[in-house]
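Going down the list, the protein sequences come from chains A and B.
Take the first sequence: its position 153, counted from the start at 1, is 152 in numbering that gives the first Met the number 0, and no numbers get skipped.
Take the second sequence: its position 251, counted from the start at 1, is 250 in numbering that gives the first Met the number 0, and no numbers get skipped.
No lab work stands behind these hints: they were computed from the structure.
Keep in mind that the hints are not guaranteed to be accurate.
As the list claims (entries may be wrong) - Capping the alpha-carbon separation at 25 Å, the derived lysine-lysine pairs in DSS-like fashion look like this:
1) Lys232/B to Lys241/A
2) Lys232/B to Lys336/A
3) Lys216/A to Lys247/B
It should be emphasised that the depicted structure is a prediction, and the values quoted were computed from it without experimental measurement.
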Amino acid sequence: MDHNINTKTEEETITSTSIHQESKLLGSNKSSYKQILAIGGGKGGVGKTLVTANFAITLARAGAKVTLVDLDLGGANLHTCLGVEMSSRTLSDVFSSDIENIEDLCAPTIVPNLQLISGAHDSLNAANLPHAQKQKLIQRLQQLKSDYVILDLGAGTSFNTLDFFIAADVGILVVLPEPTSIENAYRFIKSAFYRKLKNIEHQLDARELVDKIVEKKEELGIKTPADLLSAIENESSDLGGKVRLAMNEMNLKLVVNQTRTGTDAEIGFGVKNVCKKYFGINVDYLGNLEYDSAVWQSVRRRKPLAVEFPTNPLVATMQKMVGHIVAEQAEKIKNEKSYE
Amino acid sequence: MSNTRKQSLYEILDVSFNASPDTIRHAYIKAKNAYNRDSLAAYSLYSAEESKDILSEIEEAYTILSDVDSRKKYDDSHGIISSDSYNSSYRSSSVTFSKNEAREEITSASTEYQSSSTTSNAPTATAGNMSHIDRILQTQESKSANPVMKNYLKIESQKNDPEMEERINKCENVSGGFLRSVREYKNVTLDQMIDILKISKNYLTALEEDQVEKLPANVFVRGFVIQYARALKLNHEKVSSSYMEFLKNKRPSL
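Work out the full structure: start from the sequences and follow the hints.
Structure follows, in structure tokens:
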């Protein structure tokens with residue numbers, strides 16, 4: 000049940016205002032302008048589904064039309080925590096059958112304004128999609144009649160996961176304050192960096208230049224992805240600037256989950272700092288989520304935290320994070336409009 | 000690392016040229032924590048020795064930037080006007096338009112700042128952290144999206160030259176001369192620009208007149224051009240990369 004629908008918290012009001020502002024700016028273009036948020040992080044069990052479900056609920060309650068897509072191909076379970084029966088139609092139908100309209104795959108959830116496309120639970124092959132099918136799926140997702148499409152990605156750094164992450168407007172990384180989780184997150188960022196570089200090399204016709212630089216790696220003293228970006232800039236400021244811009248278009252955000260001490264929460268700033276230096280890209284630290292036993296209780300009850308415990312402080316924290324993202328996107332739209 | 004771009008002290012601490020002493024101190028603490036021996040953030044990407052080198056760079060940057068005199072000396076030698084004068088003139092220029100106007104022009108960047116800060120009293124550790132984020136956002140972004148800049152935008156809308164608008168839109172072949180023509184087109188005087196950017200007149204004139212030999216090292220010029228573009232509400236990424244290409248051709252040695 001949606002306990003909280005009529006009494007909006009301050010954070011929710013802010014998100015609503017920003018969404019309203021966005022709609023106003025977009026006017027009749029609104030239907031073609033949607034934001035895709037991808038949630039990844041490299042490691043399993045770090046809280047990707049917690050963040051995905053509750054971010055989606057926050058946006059839906061603030062008045063946006065939201066579609067959640069369970070892209071944990073091979074290990075889909077988002078339906079469980081949104082009170083949706085595993086639907087007879089899943090993502091595999093996009094590839095295998097003659098689905099004309101992707102909206103047909105959407106199932107309503109217990110939260111108004113929020114619908115779900117279930118993951119491909121039945122097809123092991125789905126976890127390893129050929130490129131053409133991925134492109135098809137991304138195109139279909141862009142056709143959805145939603146203001147926000149939120150992708151819950153699987154663990155690991157397969158090309159599948161990376162390609163959906165790169166295709167999104169905002170890439171959210173969830174980590175735990177543990178060495179293995181941080182290491183995996185870096186591995187994930189590194190893989191996303193090179194995957195993205197490969198994509199844009201092609202788009203910007205920069206392959207020759209990048210190859211030339213990579214060949215002289217030792218000579219040029221390139222040790223990190225950030226060094227590589229600088230070296231491209233040194234060769235051609237114009238191209239280098241474009242590559243750097245494209246890299247930052249991944250719009251990376253970081254959430255540190257299950258923190259128990261202030262030091263745990265501080266790790267986010269460290270990761271942000273190190274990413275800037277090592278990868279040469281900006282990571283925006285959204286904040287931390289404190290360890291709270293209410294989270295596993297809500298998982299047991301198969302209800303999202305925001306539905307089962309709407310007054311839990313973590314819900315307010317996540318609302319604030321969403322407010323930050325929405326306000327930033329509204330600003331971006333505003334700037335784009337002013338360039339037009 | 001001969002090829003990689005040398006960082007300014009401000010870049011090492013990841014703060015803007017006009018960062019307050021408090022912001023610098025916070026940035027220093029965060030940077031130090033990141034590369035600390037016990038830190039989870041750095042060990043898997045940097046060896047102990049590399050972290051040690053980075054830490055000494057951070058120490059050096061902080062030693063200079065935390066001391067008023069040495070910061071001023073550093074700023075002066077790189078054409079940056081020191082932060083104290085920034086604060087006072089910033090205040091004076093922001094009172095040139097009415098409060099109502101300012102309220103109307105509040106961008107979502109500042110709404111965002113407000114949004115997080117309204118909750119900073121919440122009794123969670125997160126609230127404290129979010130306020131750090133606010134601070135970073137405020138220093139890095141909100142100032143450029145500030146009413147001061149908005150004031151110029153109003154002036155901008157009084158003129159309409161399609162050819163100029165087209166050039167502004169494309170931001171191609173950007174030179175100092177081009178930047179000056181955009182500034183003049185938008186009715187911003189050189190003095191106003193100096194006031195906003197806090198860059199010495201000599202450097203700003205050299206920039207606009209393409210006297211590239213008089214400009215400081217590229218890393219600083221890039222910073223100036225980004226700020227210049229932001230103040231005129233140009234696409235700063237496009238402008239800076241195009242300008243740096245121009246500069247590199249004119250002055251290949253640096």
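Here's how the hints hold up against the structure:
Using a Cα cut-off of 25 Å, the hinted pair Lys232/B and Lys241/A holds, with the two alpha carbons roughly 19 Å apart. Distance check on the hinted pair: Lys232/B and Lys336/A sit about 12 Å apart at the alpha-carbon level, within 25 Å; holds. About 22 Å separates the Cα atoms of Lys216/A and Lys247/B, which keeps this hinted pair within 25 Å; it holds.
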